[in-house]
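These protein sequences, in sequence, are chains A and B.
Quick note on numbering: the first sequence equals residues 1 to 318 in the UniProt record's numbering.
Quick note on numbering: the second sequence equals residues 1 to 318 in the UniProt record's numbering.
Identical copies carry no separate label here, and so any pair may be met within one copy or between two of them.
Simulated crosslink set (DSSO-like; lysine-lysine; CA at most 30 Å straight-line):
id	residue 1	residue 2
1	K110	K297
2	K197	K2
3	K290	K197
4	K17	K248
5	K110	K296
6	K227	K311
7	K110	K290
8	K297	K17
9	K2	K17
Hints are computed from structural coordinates only; laboratory data are not their basis.
Protein chains: 2
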Amino acid sequence: MKLPEFTDIEKAHELIKPFIHRTPVLTSISINEMTGGDLYFKCENLQKVGAFKFRGACNAVFSLTDEQAAHGVCTHSSGNHAAALALAARMRGIPAYIVMPETAPEIKKKAVEGYGAEITFCQPTLEARETTLARVAEKTGAIEIHPYNNIQVICGQGTAAKELIEDAGRFDILLCPIGGGGLLSGTAITGRAMNPKGLVIAAEPEGADDACRSFHANKLIPSINPKTIADGLLTSVGEINFRIIRRKTDEIVTVSERGIVRAMRLVWERMKIIIEPSSAVPLAAILENKVDVRGKKVGIILSGGNVDLEKLPFHELL
Amino acid sequence: MKLPEFTDIEKAHELIKPFIHRTPVLTSISINEMTGGDLYFKCENLQKVGAFKFRGACNAVFSLTDEQAAHGVCTHSSGNHAAALALAARMRGIPAYIVMPETAPEIKKKAVEGYGAEITFCQPTLEARETTLARVAEKTGAIEIHPYNNIQVICGQGTAAKELIEDAGRFDILLCPIGGGGLLSGTAITGRAMNPKGLVIAAEPEGADDACRSFHANKLIPSINPKTIADGLLTSVGEINFRIIRRKTDEIVTVSERGIVRAMRLVWERMKIIIEPSSAVPLAAILENKVDVRGKKVGIILSGGNVDLEKLPFHELL
Numbered sequence: 001m002k003l004p005e006f007t008d009i010e011k012a013h014e015l016i017k018p019f020i021h022r023t024p025v026l027t028s029i030s031i032n033e034m035t036g037g038d039l040y041f042k043c044e045n046l047q048k049v050g051a052f053k054f055r056g057a058c059n060a061v062f063s064l065t066d067e068q069a070a071h072g073v074c075t076h077s078s079g080n081h082a083a084a085l086a087l088a089a090r091m092r093g094i095p096a097y098i099v100m101p102e103t104a105p106e107i108k109k110k111a112v113e114g115y116g117a118e119i120t121f122c123q124p125t126l127e128a129r130e131t132t133l134a135r136v137a138e139k140t141g142a143i144e145i146h147p148y149n150n151i152q153v154i155c156g157q158g159t160a161a162k163e164l165i166e167d168a169g170r171f172d173i174l175l176c177p178i179g180g181g182g183l184l185s186g187t188a189i190t191g192r193a194m195n196p197k198g199l200v201i202a203a204e205p206e207g208a209d210d211a212c213r214s215f216h217a218n219k220l221i222p223s224i225n226p227k228t229i230a231d232g233l234l235t236s237v238g239e240i241n242f243r244i245i246r247r248k249t250d251e252i253v254t255v256s257e258r259g260i261v262r263a264m265r266l267v268w269e270r271m272k273i274i275i276e277p278s279s280a281v282p283l284a285a286i287l288e289n290k291v292d293v294r295g296k297k298v299g300i301i302l303s304g305g306n307v308d309l310e311k312l313p314f315h316e317l318l
Numbered sequence: 001m002k003l004p005e006f007t008d009i010e011k012a013h014e015l016i017k018p019f020i021h022r023t024p025v026l027t028s029i030s031i032n033e034m035t036g037g038d039l040y041f042k043c044e045n046l047q048k049v050g051a052f053k054f055r056g057a058c059n060a061v062f063s064l065t066d067e068q069a070a071h072g073v074c075t076h077s078s079g080n081h082a083a084a085l086a087l088a089a090r091m092r093g094i095p096a097y098i099v100m101p102e103t104a105p106e107i108k109k110k111a112v113e114g115y116g117a118e119i120t121f122c123q124p125t126l127e128a129r130e131t132t133l134a135r136v137a138e139k140t141g142a143i144e145i146h147p148y149n150n151i152q153v154i155c156g157q158g159t160a161a162k163e164l165i166e167d168a169g170r171f172d173i174l175l176c177p178i179g180g181g182g183l184l185s186g187t188a189i190t191g192r193a194m195n196p197k198g199l200v201i202a203a204e205p206e207g208a209d210d211a212c213r214s215f216h217a218n219k220l221i222p223s224i225n226p227k228t229i230a231d232g233l234l235t236s237v238g239e240i241n242f243r244i245i246r247r248k249t250d251e252i253v254t255v256s257e258r259g260i261v262r263a264m265r266l267v268w269e270r271m272k273i274i275i276e277p278s279s280a281v282p283l284a285a286i287l288e289n290k291v292d293v294r295g296k297k298v299g300i301i302l303s304g305g306n307v308d309l310e311k312l313p314f315h316e317l318l
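Just chain A, same shape as in the assembly:
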C-alpha cells in the first residue's frame, strides 16, 4: 500500500475546507512564562463536533465516489469519530450507521443521534463491536470508515498542522497526543513537508503507552488493558499509522495521570477553553519536563473538547 504524502493532505484540505471550521490558534502569556517556551495552541476543541476527528471523517466521506457513497458509511466508535462521521455523512446527504457499546456515555449517544445517524448497540468488547459492524455493513452495504487506520482519515487529520503552520509560521517543535495515531501520522507528514527543520514529538499517557513502546522497539506492540483518564487515547496504534509514525516522528514521550489533569486545568483557567483530558497530554509533557521547550517555538494541537461537565476530574487527582 502506498503511504500518503503531503500532496494528498493538500488535496484533502481543498476538499474539506467548505465543511470544517478553520480553528483559531491561541497563545497564553502566563503559560509561556511558566514553561519558558513560545507556545501556539491549535484549537481543534473548537472544530465541528468538538474534535479534530471531523477533518478525517469529512475527507473520508467526501472522497467517496457517488457510487461508493450510495449506501452510506459505517464505523464502530464510542467517541468523537462516531459523531464526526455522523455529521460528515449528514452533510453529504448519505446514511451513517454507528455501532456503539451499550455502555457509551448518554451524551455521546445523543450527539450521534442528533446528527441523524442510526445506532446499533452491542456488548462493550472489541469482538462484539467488530462482529456487529460486519453484520451492519453486510446488511446495509455501507462502507466502513475506520477511525484512524485509513488513508483518507490520516490525510484529513494532517490538515490541522497545515493550518497551524500557515497561520503561525514554522516551529522548532510540533507536539500532539497519540492514541490510534491518526492525528500523529497526519501531523508528521505535514510537519516533515512544511516544517522540515522542526521536530515532530507525540505525548501519550503512561497508562496507555503502546505507541511509545512500539516506537522504541521499532515494531507494533498492541495495547493490553490500557487505563487512563485520557479516554480518547485508549486505542492501540493502527498499522498504517505506525508505518508513517516510525519514519516521520522524532520522539514519543509519556506523562502521568496527575500531569494530564493539571495541564487540563491550567488550560481551562488560563486560556478559557474547554479541552478534554486527551488534549492536555502534550502540555503535560512540557510541564513534566519530558519535552524541553525553553526558548523554543512550539505548535501544539489541542485535539478535542468533549468532556462531561457533570464529572470534572479536577478534584480526583490533584
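Please build the complex by placing chain B on the supplied structure of chain A, with the hints as guidance.
Using the frame of chain A, we list chain B on its own:
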C-alpha cells in the same frame, strides 16, 4: 464634555493593536439550529486577562502622556478591570495601584498581584473603596482610571465590535451585556458607524436591571441592592456611558438567573469555551425570546471567561 465618536475608536484600535489579542469569532451549528438565527460570537473571554476589559484599560494607559503616566495609574475594582489595568500598566512599565475589598476572591487577588500591581485592601463598601482610592491617589500621584465612566475606556471597549464587524461583516443585530455600560457604549458607537442599518441591543440580569429601567425612563436610575450570578454586571450605569447609550442603543432587555446559567452551560457544552455568567446574558435573552433572532444575522460579544472552577453554578439553578 464632548462624547467620543467612531474616529476615536479607530484611533484607540491603532494604539492598542500591538498589545491586545485579536480574538476569534466563533459560530455553532447547533446553537444556530436551536435559535433559528445566524449567530457570531466575538470571544473576548479569550482576550488577555480573560475579558474585554483589557481593551479599555490598555487604551486608557497608553493614551496618557509620559508626564501623566509617570506616577502610575490606580482604580478600585474587585473584578476584571483590576487585572486589566495591572497588565496594561506593566506593559507600559508604570506602577498600578489597585484598591480591592478584603472580600474579593483569592483568585482575583492573585491575578492582580501576578501582574505586579500594588493592592490596598479596604472594607467591602463603595464608600470605603472611594475613600481608600482617593488616599492612594493623593499619596502616589497615580491617575485614576475608572472601569467604565471614562472616555478612553469606552473607546477601547468599542474596538471589540469593530473587529467583529471587520471579520464577519455587517449584522442585523449587535448584542452585548450591560453592567456599568463601558462595553455597550463603545459597541453602540461602533455599531451606529459601521453597521448603521443594524440594531444595537443590550441584555441585563433581572436582578440588576438599572440600565433597562434607566433606558426606558430616559434618565439615570441607580441600582439599589442588585443581585445576580452575573457578578460583572452588578454595577450601576455610568453617567458618560448613559449619555451615549440613550442616543445610540435600540433596546435593553432583561433575563432570568436560570436563563443565564442555562445559556452559560450551553456555550460551555456546544462551543467548548469557558464564559463567565455575565457573558451568557445576551444568549439568555435569545433563548428566553426577549430578542427575536429568527432568520437574522446576529453579532454577540462574549465579555469574559473568569469563573471559579471550584464553584460552577450548573447544579444550583437548573
